[in-house]
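*Asks:* For reference, the chains in residue letters:
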Amino acid sequence: GTGGGGGTASNGKGEVKIGLNLELSGNVASYGTSAANGAELAAEEINNAGGVNGLTIKIVKQDNRSDNSESANVAVRLMTQDKVSAIIGAATSGNTKAMIQLSEENKIPVVSPTATADSVTVDEKTGKVNEYMFRACFIDPFQGKVAAQFALGELGAKTAAVYTDTSSDYAKGLAASFKKAFTEGGGKIVQEESYVQGDKEFRSTLTRIKGANPDFIYVPGYYEEVGLIIKQAREMDIQAPMMGGDGWDSPKLVELAGKTNLNNTFFTNHYSSQDPDPQVQKFVKAYKDKYGSDPDGFAALGYDAMYLIADAIKRAGSSDPVKIHDALAQTKDLQLATGKISIDEYHNPVKSAAIIEFKDGEQTFRTKINP
Amino acid sequence: MRVLETRGLGIRFGGLRAVQELDLFLDQGELVALIGPNGAGKTTVFNMLTGVYKPTEGEIRFFGERIDGMSPYALTRKGIARTFQNIRLFQQLSVLDNVRIAHQVNTHHTFIDSILRLPRFGREERRMLEESRALLETMGLLAVADEAARNLSYGQQRRLEIARALATHPKLLLLDEPAAGMNPRETHELMEMIERVRKTFGMTILLIEHDMSLVMNISERIYVLDHGVLIAHGGPEDVRKNPRVIEAYLGEAAEDALA
Amino acid sequence: MLSLESIDVFYGKIHALKEVSLIVDEGEIVTLIGANGAGKTSLLRTISGLVRAKNGVIRFRGEDITRRRAEEIVAMGISHVPEGRRIFANLTVKENLEMGAFLRKEKAGVQEDLERVFALFPRLKERLRQAAGTLSGGEQQMLAIGRALMARPKLLLLDEPSMGLAPVLVQTIFSIIREINEQKTTILLIEQNAHMALSVAHRAYVIETGRIVLSGTSEELRQSEKVRAAYLGG
Amino acid sequence: MVNRRKALITGLLLLIGYAVVQLMLSMGLIDPFYENMLMNIGINIMLAVSLHLIIGVTGQFSIGHAGFLAVGAYVSAVLTTKLDQPFLPAILAAGVAAALFGILVGVPTLRLRGDYLAIATLGFGEIVRITLYNIDYVGGAAGMQVRHLTNWTYLYIAVIVMIIVIANLTNSAHGRALLAIREDEVAAEAMGVNTTYYKVLAFAVGAFFAGIAGAMYAHQFYVIQPVAFGFLKSFEILVIVVLGGIGSLSGAILAATLLSLVNIYLQAFPETRMILYSLVLILVMLYRPQGLMGNREITDLLKRRLGKEA
Amino acid sequence: MDWLQQLLNGISLGSIYALIALGYTMVYGIVKLINFAHGDVFMLGAFIGFYGLTALHLGFIPSILLAMAITSIIGVLIERVAYRRLRNSPRIAALTTAIGVSLFIEYTTIYIRGPQPEAYPDLFGNDKLHILGATIRADALIILLISIVLMLLLQWIVHYTKIGKAMRAVSYDAEAARLMGISVDRTISWTFALGSALAGAAGVIFGLYYTKIEPLMGLIPGLKAFIAAVLGGIGSIPGAMIGGLVLGLVETWVSALGFSLVRDAVAFVILILILLFMPQGLFGKNVREKV
Ligand SMILES: Nc1ncnc2c1ncn2[C@@H]1O[C@H](COP(=O)(O)OP(=O)(O)OP(=O)(O)O)[C@@H](O)[C@H]1O
Ligand SMILES: Nc1ncnc2c1ncn2[C@@H]1O[C@H](COP(=O)(O)OP(=O)(O)OP(=O)(O)O)[C@@H](O)[C@H]1O
Ligand SMILES: [Mg+2]
Ligand SMILES: [Mg+2]
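Protein chains in written order, with this note's numbering: chain E, 204 to 574; chain R, 935 to 1193; chain G, 5 to 238; chain D, 3 to 312; chain U, 1378 to 1668.
Excised from the complex, chain E in its bound form (with noise of 0.2 Å):
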């Protein structure tokens, strides 16, 4: 395909489409549709505010049922036959990681909400840069150090048990950045478990961590498990402060989890939903209007994520899906629901972090670590 074709296509209509590439069924759809919530509520604002540069957003939606292989042929399908000048997607790194050379081929620029790991934007290989990817969350080893930093200063904690979820690249991303800084900054990592997505029975590997008598216990991996893990765990008096990155951020947490058994829980993220900035607030209000739900972290990111988009072609005054390209790259002091971005050399956001701290089932914000 050549680059220019997209925009014109879009231009005369006065639209501009952009593609979500989310994962609507399968076994991570709850992922995936509240990034395209988030999504298509930010295209909505926008729209009703008139557009970018007089174009309406146009959302050209697809599933890609939590399977790689059907992110390649939707991401396919989004660049040669809808012809969108921008993709959005996917929620997870290896379906987003299906559309890295289709990205380059069509040269369409795909930006995924919340695919942590570091290949994404960069090649293993080689080192270089994905031209046309980028991402609106921050990097698997940013939240793994700052949590260590946290654990080791804060917490003083000297001893610390890793619990991962090793079905995820995300999660063994943290894990390993976390045990890196935690062992270089003196600690010792006493105990490594991990499960898988979908489980639902951890007693039986608390209860070795228990054995283990750790100072601290980190526990990347998504709320829907982690909510079950902290349950279990204080149910089993270990009472150990517990940590994790952005994957705890969802209100359910606090329901599955209990509100007791939170406290002394802490986790890394890019936003808080209870954060009293009023661009946050708005948003929390707006998902809540539109969806009668909480937003959770995917939510925000599917909505920055847009945004993001929306700036760029602001920027690059014009729809042409290579111009967006070049617009996203220089995207500077971007105020978001998840925080001020910048984009870095790699296509990663820069943002600071925040540190979250359960107190009775509601999230207090103890602290910023700036990258």
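Hints listed in this document are in silico derivations from the structure and should not be mistaken for laboratory results. As the structure is a prediction and not an experimental result, all values here were calculated from the model. One or more hints might be untrue.
Stated by the list, open to error - Derived, one-sided and incomplete: chain G residues facing chain U with beta-carbon distance under 7 Å:
no. : residue
1   : 74
2   : 75
3   : 79
4   : 84
5   : 103
6   : 106
Using N, Cα and C, we set each Cβ at its ideal position, and we do this for glycine too.
Please build the complex by placing chains R, G, D and U with the ligands on the supplied structure of chain E, with the hints as guidance.
*Replies:* Coordinates of chains R, G, D and U with the ligands only, in the frame set by chain E:
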């Protein structure tokens, strides 16, 4: 020549000794019957002879070679074929294919030959087809050759079972109640057919049957089983008069029914 | 008591029964003889509602039962001992007999019939708690007949009750058929063993490739040349 | 000889089919979207037909086919990405490796039947998947990024070779032995069929082509991850075979094509896509429980048609 | 007292598998259908119980009864609409339809309420019992108790009631059962009703014990329960119970030994080994097909 011989043959199912201490033999070209009350163990004997069940005691010799414990397909390849009491055809396959499958015992082309359709494959397939058709003709089934086996009537199915067994070119044929569910006339036709087969192919036959008119007319010798034990053995006349056989199997009124 | 008026039955394209008409009177034993695949089993299955007739009417005691479901027909008093016995192998002998009385409510009557069955088949009483699947062939046949009697049928349909049985059992089964009939149960009997069938039956029908070709008293048929040649092994 | 002439004509038609599409592709008449669609269809045909040999012909209830797919995908991907080998040997290695696994799975089938076998094969598929999760060399959960090497030529040849092999196998004494096993194992043994050998053979050949499909899959969709090869994938393949008609090779091809198209069509309805798909499935099964083709082949239908006219 | 703790964990998990497996085994026993949608009926039970507890503010017992009542109706409907026509079709066709029904239930649920999970209310608080150093939650005990009661009830129904006998008769020979005056349709409906009610109950219990419920939650327990049923010898009720418990214990122990990552793989290896030595499962009738 001794075709088949068993010594002290026996099998247990859990606590049940379904067959015990069975000594039995067949000589070349003989037609021998195995009779006995229901549940006496007749079919079980067949199952042991064909490798479906492994005997727990004793030995079986086929042309002098120990064969107990061998798998069914190997025994078929050695020359023992059978029919089943509860008909077991390849239901969905055509009558012709049922017979052709049995014929493959004697084929030599390999899996590679058939994929590449090498000349040997064609030769053998043609030969198989011709032989199968000829066999169906003798059994009066050629007209229904392309019909699925399950669409045949009961009697035709029984004949197909026999045709299929013959297609393996057996030296020893085991027939399990071939006349079950046939009326006297059909039974009579069957009897003639069995005789013909035996003559033309020079085969040795062991027959299980409850129809005494059939058994008494065509068998040269008869073994009688009861509760897994051999209770009588001899020519038809001797067996028919044997009081133990009358009591356990034939019943008092049997004489007039056989007349 | 039972009448069939030009019944047609199809299995897909196969025309299995062709305009079959037949009558069974109260208290009779009627037998149906025919070659393999003639349609005997199909006829019984049509009567008991397991197979639907395409055309024609079946009446039982004046009532039209052509479109009734099998379970309703049982309730009206027709019991069927199917080809191949079809006992419930995983249930005990006692439970099998109780299944026969599934639709009956009166406990006392059921108990009474149980005794009647035991009187006919003492062997069953000895095997009450045994799983039916482990019975010998002949015992299973007794059980199948006993089970059908437990419904206290007015009409009993028997499909080849002597198939695969040792000669001594064949005799027993036939004497029991006579006995049951003497206890006021009407019987429609299918039997390959035409000698035996004709010797117990009052009347008989001959069926050939789905069509009734001959009927009369047992004696008449026994004398008929055609029947002798075709079914009695001439 | 009639046969030779027939073979010649078939060969010629196949060549023309290939050339026409190849020409259109290189002239850009088929755009990437339709090219991608063709690839999807081809891969699904391979998966369905290879499973058809195991389930439809041999009657072995196997629901772990995704395991073979995974083995092929990973073996070929390791060869091309990690060891920098060319694609062709990688494809063959994928087939051979999967066939070895096929033999491994074939062995338990000797003792297990029906649902018990189904569970064992399902277990096999899951074991493969979980093992892949735990091998860091192939990226664990994150999987591997694979170069896009699959193209029309490779896929076309693979599909045609597979169809010829499986069709020729089925229509031979060996194929009839497989059918006999499907119909009645005890009787098959009694007819001299070495059921052990043939069951393992069916698994090996079926797995071989599933492995090759895996190589095509890996080099078509850019990324492979263990999560894509779970039991749901096996079910997806099973559904194609059943929809086509159990025991019908052309049915498997037809259903693979139709379902791939339905799937692409349904992409446009993200919210209701799976509901519609499930309804299609239920309705087809309710109104055509024997599948689209039953156990017949297209050639049977053509013959009948010709026969009637004659 | 680690092992005791692990044993209790295993039994809790196992009894949930067992409850679902019972429904599988019953339906299988009678229509030889692997009712793949059974896991989704379990999921519906969990949601109905959840809405009963939260939206309708019912107590625990009324909620579980409500879930059982509605799931049994759903079970009967599924059979009526999707399976009845296929009763005489090849079993694999019915299995395919069941996969379709399963997808239909899952995605209709998602369509109606979205894919996000829901958290069960904590009914029993953090009441715990300490026995020999092991902690048991009150609800773990309740689960066990309810599971046992339901299983006993089922055994009683199947062996001592008329409908139970009809089920056994139909499962062995449906046509012969009709000749006894048994309505096969009605019996099969009853079987689906009972099996689905058990799955519904299991759903509520699951929600209570594991808190998180979501529309695709039925997939894995459904599969595991099917495995449990096969392991126990498919068609056998005690087999399903024991199979469920064995599977629960094996999984827990594998995790306890530190192999949680390969837990399912190990569980499958054990399962395959068991099957290789007992090809009919633990309680399957080991009659070789009589030839
Ligand atoms: N696989 C088996 N497991 C347990 N018992 C068996 C098995 N096979 C046969 N039996 C038992 O062994 C005995 C002999 O059975 P067999 O089938 O050999 O009888 P038969 O002489 O052929 O009777 P019939 O004339 O009724 O066919 C019976 O009691 C039967 O129940
Ligand atoms: N379910 C069926 N589907 C198709 N054809 C059938 C079916 N049942 C029976 N037939 C055919 O109908 C005809 C009559 O069969 P039926 O079983 O009534 O014969 P029968 O007189 O009882 O024979 P037998 O003495 O062998 O038991 C046969 O040609 C048979 O092949
Ligand atoms: Mg026998
Ligand atoms: Mg009949």
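*Asks:* Are there hints from earlier that the structure breaks, and if so, what are their numbers?
*Replies:* none
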